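Colleague: Sequence:
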Amino acid sequence: MRLTVEPLDLSRDLARLHAWVTHPRSVFWGMQGASLEQVHTEYARIADDPHHEALLGRVDGSPAFLMERYDPFHGPLADLPELRAGDVGMHLLVAPTDAPVPGFTSAVMRRVMEECFADPSVRRVVVEPDIRNDKIARLNAAVGFRVVRPVDLPDKTAAFSVCARADFQGNEHLTPTVMEQAQRRLVAKAIVEFSHERLLTPTATGTGWRVVAGASAYDFTARVHALEHWVIDAPSLTRTVDGGTRPLDAQELVVECQDVLGIPAALLPTYLEEIASTLASSAWKLVHHRTSSADLVHAGYQEIEAAMSEGHPAFVANNGRIGFSADDFAAYAPETGSDIRLLWIAVRRSEAHLALAHDVSESAHYAAELGEAVVTDFEARLMSLGLDPVDYLYLPVHPWQWTHRLAITFAPDVARRSIVLLGEGPGAHRAQQSIRTFFPIEHPTRSYVKLALAIQNMGFVRGLSPTYMAATPAINDWVASVVSDDKTLAACGFSVLREHAAIGWTGDVFHRLADTSPYRKMIAALWRESPMERLAPGERLATMASLLHRDRDGVALATELVRASGLPAEEWVATYLRAYLRPLVHCLLAYDLAFMPHGENLVMVLDGHVPTRMLMKDIGEEVAVMGDLPLPPEVERIRADVPPDVRALAIHTDVFDGFLRYLAAILDEDGVLASSTFWALVADCVIEHERSHPELAEAAAAYDLLRTTFRHSCLNRLQLRNTLQMVDLTDQAESLIFAGELDNPIASSRSEVEEGRRLVTKPEPVGA
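The working numbering puts the first residue of the sequence shown at 273, with every later residue one more than the last.
None of these hints come from the bench; they were simulated from the model. Where hints are given, some of them may not hold.
Across the chosen pairs, the derived CB separations fall in these ranges [claimed, not checked]: (1) Asp913 / Arg979: 19 to 29 Å; (2) Glu805 / Asp370: 18 to 28 Å; (3) Arg356 / Pro448: 23 to 33 Å; (4) Val532 / Asp406: 13 to 23 Å.
These numbers come from a predicted model, not from an experiment. Glycine is no exception: its CB is placed at the ideal position from the N, C-alpha and C atoms.
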């Protein structure tokens, strides 16, 4: 449902307006019995009034409501002592109908309030409904209005009411109706993912499926796709307890399943808190995210980033953000699209480490990211405190991190001038889906900035280790050189966004303790190359995570992209796989090099609505070499001792199970491309690569990407086992949890490939 507003056009809208305002159900509008001419006179007066305007509201293009916005200091309320600077007045009339839709009026009210608060100078919305209008009183209260007092106006006794911006933003999404939708979505996802990981076992009932959890029975209709991927019809989902219907509740589902989920009792409250936070985020997006997938087809990079309605596709509790308040959420959550001014601090050079890429100098780095004028200002700030700028390095910090951690946890270090607050940096930034990575909105060719952020989210405190990052630029330089020098990768247009600078401060007491802790990851930052300058004319960017996005009406962006491209679905998918899967397969077979290629770690380059090439990011923390490829000493950290039967999971788990199973199901469910055809195209991509690289036949046979089954590595089981730290980042392979084997959806092509290998390796006849 798309709600828009536009100026009222009397020459076009008068007849409709007259029907609305004189309808018996519009009695409180005060125009009962008014003639067409009288309505025209009144709204012509409003059109001529510089302090009053009338707007027509549409729903999916059809006229549906009337909104008036006015300056309360110029009108009947002008003498009220309760008025404040920043107040705006509002009237709303929803078109009378004989077939009201539940929740429709509330949705319109929220849209009108958003329109009022779209002006940043507006601090409060004020209204003066007739004191007898109980219906509008309930509607007003639901979005945050509070009644100040009765006020006698010329035509009525009004309930003068106000709604501050914080009151509207703080509670509009936490309503029974919206939360029921959020609960339904999350319970459905929990059943999908816990069933996929074989923690729950749906049983057929004849009319659908049932999952029994404790005293509850969950019934639903669903379809099962490749890789044991369930697609549940969320509206069909019901919960019964002792024969009676009960509301869906994701936290209660977790408690009911605690034994089978294996959550340690001491950590269960933490997981339940992450579930609650995920529900709050979902509810917020259900209210605010109104951009349709059809609109996103033509949207810009950051508009798409902020419009994503889902976090990690596999994790059930994927928007934890424990530590953020409601105000913090509104200010810093990626889905709010809020602009943020990062703070900068100076840290003692002797207690810090700045690592730079081979082609970057310290002075050039700070000049590029701050500008010469800001660097000069920072130096002046230090000198005003009697400090020598030569003794300091600069790094950005999240505003939340400064307020909640640095200024408190590191107060002694601030006092001794080992940490010096310099103030806001230049330009606004916007949080990406990873929440601690920021895009420079005002200077888009400057680097992304990734910051330490001491909130608990999806199984980790989101810090950055200064020690771990010391090698990050060198690792990125090496990976970038491997990728850029490879002809196959160049032909695919595959490249990496280097993390070209990293800094961490280690002068605190926590770094002098024997044992490591999250406190060692509180003050650090890294800079990643911007993708903006890599675009050719006509190209644009989108996070690959957007291919799994469905808007609030359930329309998939991937489906809309395929349709907008004008290409046959098979060609669209084959082009996408050549850009995404082929480079990953090649890196694995040619170099034993594995990335973490989930949706948020890749930036798609779209040409004609088709993903034609990929930019890989998040290299330093995620990349691994699993063989004996020679590495520079400073890069040796990325070598991973991975058992042979686990190495191929870099494709099977991270690509097939971690991303393509969702995309295949979306396209199949939407009638765009049958799942069997999708996986046949995946097989074709793998086979074609092998045939064009006979020199890698031995590696291809060893990895055997077309094997019949592969080990079923489970992400939620990791988080459930330890909600505070899912894996040991220094030995991730040993942290994995398996649940048997999954059938490989491309295994049907195995015989064809084996025949090809046999022909390639068959000795030539004597004399040939």
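Colleague: Each hint needs a verdict: does it hold in this structure or not?
Modeller: How the hints compare with the structure:
1. Asp913 / Arg979: 19 to 29 Å: holds (22 Å)
2. Glu805 / Asp370: 18 to 28 Å: With Cβ atoms ~57 Å apart, the hint is violated.
3. Arg356 / Pro448: 23 to 33 Å: Because 32 Å falls inside the window, the suggested range holds.
4. Val532 / Asp406: 13 to 23 Å: Taking Cβ atoms as reference, Val532 and Asp406 lie about 48 Å apart, which means the hint is violated.
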